[in-house]
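For chain A, the structure is supplied; the task is to place chains B, C and D on it using the hints.
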Amino acid sequence: MAGNLSLLVFSPLVFGILLLVVRKKGNWIGILATFFPVIVGSFFFHQYFKKGIQSISEKWPWISFHPKGFDSLKDPSFLTIDYELQLDGISLAFILLTVLLTFLAAILSWNIEKHRNLYFLLLLLLEIGMLGLFVAANLFLFFIFFEMTVVCLFFLSGKYGEKGKEKAAFHLLLYNGAGSAFLLFAIVLLFLQTGTVHIEQLQHLLHTGSVQLNELTKWSIVLSILIAFGIKMPVFPFHQWMVLMHSHVHPAIVILHSGVLLKIATYGLFRFGIGLFPNEWEKISGLLLFFALVNIFYGSLFALRQMDLRRVWAYGSVAHMGFVLLGLALGSETGIRGALFQSISHGLISGLLFLIVALILTRFKTTDIGKLSGLRQGSPFAVFLLFVGGMASLGLPATSGFIGEFLVILAAFEHHPMVGTLASVGIVLATGYILRAILSISYGPLPSMEGEKGTTKDFYSDFSDENKGNNWKWNMEKKRDPRVTYEVYEWLPAIVFVLFLIGLGIYPQWLIEFFVGA
Amino acid sequence: MVSLSAYLTVALIVFCIGLFGALSHKNTLIVFLSIELMLNAVNLNFIAFTKYGFFPNISGQVIALFVMTVAALEVAIGLAILLTLYRNKKTIDLDEIY
Amino acid sequence: MNGEVIFFVLFSLGAIIGAVFVLVFRKAVYALLSAVLTFVSMSGLYILLTAEFVAGVQLLIYSGAITILMLFAIMLTKQKTGTTRKRMIRFQWPVIIPIVLLMIIIFYGIHKVTPPRKPVSYGKNNTEQIGELIFTQYMIPFEMISVLLLAALIGAIILAKKENT
Amino acid sequence: MDFSYEWHVMTPEFSILMTIILIGILDVLLPKKIDRKWFGWLAVGGTFLSFGLFLTLLPLDRTSILFDTFIFDSFAKGFKFILLFGGTLLLLLAVGSKKEQGMEKYEMEFYVLLLTALFGGMMITSSNDLITLFIGLELVSVSSYVLVGMNKWSKKTNRAALTFLMNGSLATAITLFGMSYLYGIAGTTQLQTFLQHFSEVSNPATRYLYIIGFCFLFIGLSFKWTTMPFSLWAPDVYEGAQTIVTAFLSAFSKIIGLIMFFRLIFTVFSETVLDQHVMFSIFQNSLLILALLSMTFGNMMAIGQRNVKRLLAYSSIAHGGYMLAGIASFSAHSMEAVTYYFLVYSLITIGAFTIVSYITDGNEADEQTFTGLFKTTPLLAISLTIFFISLAGLPPTAGFIGKWKLLISIIDGGSPIHYVTAIGMIGMTIVSYAYYFRIMASMYFQYPNKEEKFSVRLPLVILLFLCIAVTFLIGLLPNFGTPTWI
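Protein chains in written order, with this note's numbering: chain A, 1 to 518; chain B, 1001 to 1098; chain C, 2001 to 2165; chain D, 3001 to 3486.
A few of these clues could be false.
Facing chain D, a subset of chain C residues (Cβ under 8 Å, in silico) [claimed, not checked]: (1) Pro2098; (2) Met2139; (3) Ile2145; (4) Leu2148; (5) Ala2151.
Within a straight-line C-alpha distance of at most 20 Å, the following computed EDC-like cross-link-like pairs (lysine to aspartate or glutamate) qualify [as the list claims (entries may be wrong)]: (6) Lys3033/D - Glu2163/C; (7) Lys2161/C - Asp3027/D; (8) Lys3375/D - Glu200/A; (9) Lys1089/B - Glu2163/C; (10) Lys3105/D - Glu3006/D; (11) Lys2162/C - Glu3104/D; (12) Lys3032/D - Glu2163/C; (13) Lys3105/D - Glu2163/C; (14) Lys3156/D - Asp3236/D; (15) Lys59/A - Glu200/A; (16) Lys3375/D - Glu113/A; (17) Lys3156/D - Glu2163/C; (18) Lys2112/C - Glu3200/D; (19) Lys3155/D - Asp3027/D.
No wet-lab data here; the hints were simulated from the structure. What you are looking at is a predicted structure, and each value in this text was computed from that prediction instead of being measured. Cβ coordinates follow ideal geometry from the N, Cα and C atoms, glycine included.
So that you can see chain A by itself, here it is in the shape it has in the complex (with noise of 0.2 Å):
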């Protein structure tokens, strides 16, 4: 078995590798080698299904440590930090989340011209440090991937965009930057006191209590693991960089950014903070459930008053993982398997929304809710998809949201029923965002076209300028109006972005059963 989980983090190299060597067709390479970690990803499935193998794991000598020189001051002792992946239900789950959500974005790349091959080498370098950063066995190892998306994040969104791409660049290094900094520190801290950044050893060792941490350490070892994972999350008050990253940046990279990156989040604070230190994070828990009130009414609030459309998407982000804050706060089973499960779905919402988005942008070369109109006459199809993502946004029944945000107040409701009342509250203000979006956009006249002979420069100004980077095609040259009519690599990802959010909601179990170890 050695080696498989290796094969699985580099399987986007395997035909990766040939981007660097043919010039053309680029797209056809970019998704071909997304696909084959969806292969390698489906065979871990089915192990994981079919034979019960619950847990998988490799591991190889790498780093090892030889304290010597000033052998007088201290007793030398021999560290080590191997290279060990590991995979079980929670982490397959996010790895799945991930194939799919990458194999998809890559499809709807399809588009990409300037620079396609960078391009999809880099989204193929993301996979891997999103595959890595959910295997990983170690700290360590955990955040030379985590580190790598944010340097592949970086180039994606500064290069592949609108107006005001760099910015949200520069945004997202510096944020996550700061929040990797406090991660560097914690895993540092805890690699000296322990002598072992493997997980279940230090869950061995801090649990059994073989390692005594003195308070101040185990304190400011916690708090940096919440102020890391707070920032990627993002927590209310570092959220900007991720509302700009939504609004300015290429759909397809939001899909990966907000359904999978984000997660991130989620994973480390379940498998650190509760899974390290459950007594710390109950003594905390009130502050945390403070914060994630805060970020769904926040984020609800702030979604309502927005006129583009990705800014309502991006505050409703915020909302929603405020409920997965809620039940990674709340600490029990339910609460926990109802964040993860309510990750897992958002993922496949947010990657629905924005691939609206997409169809919106390269049909009207704008998502401001204040000129578009009457999507309905003119693309029906997207009005549909508009409102499969909408409702399952939402959380109504039947779709996947609904079962995350109910299981999440399920939890609150069983301890602190006033939190509870407050979040259902905050599911009432997101019916509101998402209603006022989705009709304004759906109803009334059709947008006045001018621009469809000739004079589409002024209209879209901000994408049609070559020289502000715009990478996708507005193709106006096709005699079949392109408003009504939908590529495949359009319609193909959103159909199985509605299957997967309506199967979840009406089977959730299969989904469930990854957390049953949690």
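Chains B, C and D in isolation, oriented as in the chain A frame:
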């Protein structure tokens, strides 16, 4: 008998004068001279310690010889650089150089 | 008051006054000459400390080589005036306070240093001892100095060579 | 007296010295007409020879010759390896890059001076004596003064050289002043007997002097390793010198300064003698504060720079701070961490400067030159990205592992000031993202001002390949970066 601290004090005073000159003066030649003064003070320290030190031995005098050599080298190179600068700019005043 | 003290006072006064005048004189040549006073007084102090060989070398290198080198530089660069009085005031006051502080701090350290051992006088075979030390214990630095001289020689030649491009 | 020393431990140094002499003699003997370009390859050959001889010496245990003035121990092995490696890369860079106008005449001098500096550095790693350390340092300094000033037709260079020389001489004087007190108390310049002697006469008065002596020594040396408070000369000098010389200064001469400092405290403090911990903890705290200051100063100043050479100068001040913190942390991990970081730092700095010298080609290194580099010469852009990511300390490059090791070494120190330093270092790394990524952003996200491809020269390609390969090798498999013989 003159004590060790008397020699050290003389060296200290000369060193501080040199340091003051090197930090405050703007004429490059004076700065070089000030640095030479500092090095002289160092040598006086070394040699005072060869006689009166805690572990008196002659190696301090050898060190003083090395220091002198290095001082001469630095002056030689410094003046060479000064000459090139003067050729290009016709001044050696630090204020005018910049 | 014996002769050693008298000579010590004389030489140290010479060294300090010379050092002060280096900074006071406005003409570079005068400054150089007052530096020579310091150098010579220093070599007097070395003799008081029974380091005759070093004193001789001091006279040769400092008062001889370095001074002559500096004189050449002064002549070549047509140095006339030193620092003007106005600029001196502007630049010196901020520097003088920390330096005086530094001096007081160090003086506090050295004014009561009393070595437990008797002072050692290096008699007539002073030079011999130095030579022996150089060729045994300090052999490697000595060899390195020769490389250093080579590098400096090359450097000075490249830098000072006059050529047109 | 027994003179049968094991001279063969000096063969690496001797071979460098022989190369210097050979180049000098050849230059004199050969007729003027013959092109002297190949002297560079001769110098590279000399370092290779030295490297080979050095490798044969590795199995030796601690050997010392000439009354312990020259020792060949694990410390010397580790740092000689780094110096020879860095020196070879630097020579390759010098061979490959285009010299500035008028510099073609001075091939011999250039390589002789570079080799002299290498020789000085190698002597420093092995020396066990304050005087040898001092003269080794002077070897490096004097040759770098001349190297900086070599391009004597440019006023900017003249100014840079003069600033450099005056600061350098001042620093030398201050260092020596400190040394003189240390000599006075201990009566010896030998590092090993140093503390023993000192502990014999330890009382409040001598301790006071001792602290003064060490403080002066540190302040003077900080000129060499370009950290606060003596780092203000660096940006001007780095900008004024030729790019190769700048690479030499920031990758090589800085490391030599730090090695000297490390040798000093490594030898003096590594043995348990009376109240050494008390003594060192005083220096340690002040050094950690200095390190913090340099990190902050370097990174903060670098953000505003538009000239890439100046930017790298400030960033090298910051890196000096990191390394100083690693040394001063003085924990069980510092030896390994610092060795590794030196190796990585010299690799990536030389790599980055290779590209800078490539692109600027003797012109001003303005940031504008890098705009849209990915469009014109993707190879260079990607290489520079790797080096910058490494400098910023991001995985999966060697820079990250280096920073990790430094952090471990700092936090392992265990006192509050260590924690503060570690936090400061992590925070400053984030600040450094701002300027490294700004340049990368302008390389990738913007369009070039002029569509001009940069031609590719073979030695530079070899050099870049070497740097990148080693960076990744020791970044992915860090055990290679810390061989067991260190």
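| Does Asp3027/D lie within 20 Å of Lys2161/C when you go C-alpha to C-alpha? | holds, 17 Å
Exercise for review: Assess, step by step, whether the Cα of Lys2162/C is no farther than 20 Å from the Cα of Glu3104/D, and give holds or violated.
Suggested key: holds, 16 Å
Tell me if Pro2098/C is really an interface residue toward chain D, meaning its C-beta lies closer than 8 Å to one of theirs. violated, 12 Å
With the threshold set at 20 Å, check whether the alpha-carbon distance from Lys3032/D to Glu2163/C stays at or below it. OK: Lys3032/D and Glu2163/C at ~16 Å, within 20 Å.
query = Has the given pair, Lys2112/C with Glu3200/D, been kept, meaning a C-alpha gap of at most 20 Å?
reply = holds, 18 Å
Subject >> Proposed proximity, Glu3006/D with Lys3105/D (alpha carbon, max 20 Å) >> reply: violated, 40 Å
Answer holds if the nearest beta-carbon of chain D is closer than 8 Å to that of Leu2148/C; otherwise answer violated. The hint holds - Leu2148/C has a Cβ within 8 Å of chain D, the shortest such distance being about 5 Å.
Subject >> Satisfaction of hint between Glu113/A and Lys3375/D, Cα-Cα up to 20 Å >> reply: holds, 14 Å
**Message:** Need the status of pair Lys3105/D, Glu2163/C: alpha-carbon distance at most 20 Å?
**Reply:** Satisfied, since the Cα-Cα distance of roughly 11 Å is no more than 20 Å.
When you check the alpha-carbon spacing of Lys3033/D and Glu2163/C, does it fall within 20 Å? Distance of about 18 Å is within 20 Å: holds.
| Minimum beta-carbon distance criterion (8 Å), Ile2145/C to chain D | holds, 6 Å
Straight-line alpha-carbon gap Lys3375/D to Glu200/A, limit 20 Å: Distance ~46 Å between Lys3375/D and Glu200/A Cα, so the pair is violated.
Violated hints for the displayed structure, listed by number in ascending order: 1, 8, 10 and 19.
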